[in-house]
Each structure stands twice: as structure tokens, then as C-alpha cells.
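Enquirer: Sequences and hints are given; from them, build the entire structure.
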Amino acid sequence: MEEIPPRIITVGDSGVGKTTLIYRMKTDEFLTESTPTIGAGVTALDVNIKNEKYSIQVWDTAGQEIYRSIIPIYFKGAVYAILCFSMTDHKSFDNLNGWLDEIQRNADCPIGVVLVGNKYDCDDDKVVTEEEAQRYAMDHNMKLFFTSSMSGQNIALLLEHIAINSRKYLDQQSRDQGVGLVGDDKAGEKKKKGCC
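The opening residue of the sequence shown carries number 834 in my numbering; numbering runs sequentially from there.
Note that these hints are calculated values from the structure, not bench results. Given the structure is predicted, the values throughout are model-derived calculations rather than measurements. Cβ atoms here follow ideal geometry from the backbone N, Cα and C, with glycine treated the same way. Check the hints yourself; a few may be wrong.
Stated by the list, open to error - Cross-link-like lysine-lysine pairs, in silico, DSS-like; alpha carbons within 25 angstroms at most:
1. Lys924 with Lys883
2. Lys883 with Lys859
3. Lys959 with Lys976
4. Lys976 with Lys924
5. Lys1001 with Lys909
What the hints assert, rightly or not - Restraint ranges, calculated between C-beta atoms of paired labels, are given here:
6. Arg968 with Glu836: 34 to 44 angstroms
7. Asp958 with Glu836: 11 to 21 angstroms
8. Lys909 with Arg1008: 16 to 26 angstroms
9. Arg1008 with Asp927: 32 to 42 angstroms
10. Gly985 with Asp879: 36 to 46 angstroms
Expert: Structure representation (C-alpha cells):
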């Protein structure tokens, strides 16, 4: 029987670049025109790392407030989350705690979270400092990637990280039915609620 690929959910405010990030992961090209996501969309990705193939499903969710009520259904079955903010939009950074709360409330099981500061290439427009982002990631026990969907900066590293760690979390969920939401490389250390 073929293994079901881990489900990864991408969350964050509207306009932070979630759709272009996923498009870059899939095609290694920049999506020049993007419209706001309505509901959610899914992209299947195969990632080759050291001669091993990792298959994952990356879900792109709407960031607009109007769609917040339907977002929780997309958390069901997720094993990993990409928590995105824009380096050029401080409000998107300020809203990260709200998105973390959504993850904790709505995921079936404890899931891993990686923090992504997108639009890193926009030097003249940056309003979130690297230090702020690093402190937030450290305080919440998350790995942090500064990315650019336009240039492709750190996208391959992020994709490799997600592929490897989502499989770890999927394996962990299969073994341990009572762990809590934790940052990377800490699966199984905190107990919170059981899985379905």
C-alpha cells in the first residue's frame, strides 16, 4: 500500500506571499501575477534528498479575515505548518500569535511549525528586523527561514527542511498518540492532546 504524503499547511496573513512561495517550491520560478487564495489549494511535491524521494502535500490557505472561519477544516490531518509573515509588513509579523493559536486549536494532532520571513529581497521596504524574527523563532522553539519567492533565496533549504521534518512528525504521530504542539526537533517532549 502506498504511503499517504504528509500534509503541510501554509498559514499567515493575506499578501505575505504564501501562494508565490508554494509556486516557487513547485516550479523553481517566480509567479509574477497572483490573486488572493479563496479557501485553500493543494500542491503535491516530490523532493529528492540524498537519493531519497520525499512526497508531500502543501496546502495554501486564504489569509483574509473573511475566510478565517473555514481555515480550520484544512488543519485536519496536517503534520506540519509553514507559518509565514512578510518582512515588509509588520502587521503580518504581529499577527503570528493568532496563527499559532489557530494551529494549536484546530490541528488533529500535535504538529511541527517552521517560521518563514518572506520577501527578504525587498531591502528598501523591510520593516521587520532579522533580530525580531530570530527572537520570535527562538521564543517559540521554531526554525526560521528568510526567503524570497522572487529570487528563490533559501527556498530549496526550506523545502528540504519541511520534507524531512514532516515525515518525522508523521512517523511520530504514528508512534505516540499523546504529544503536544512543539517546535522542530522536539516531537514527543510535551504532552497536550491525543490524535484521532
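Enquirer: State the violated hints by number, sorted upward, taking the hints as numbered earlier in the document.
Expert: 1, 7 and 10
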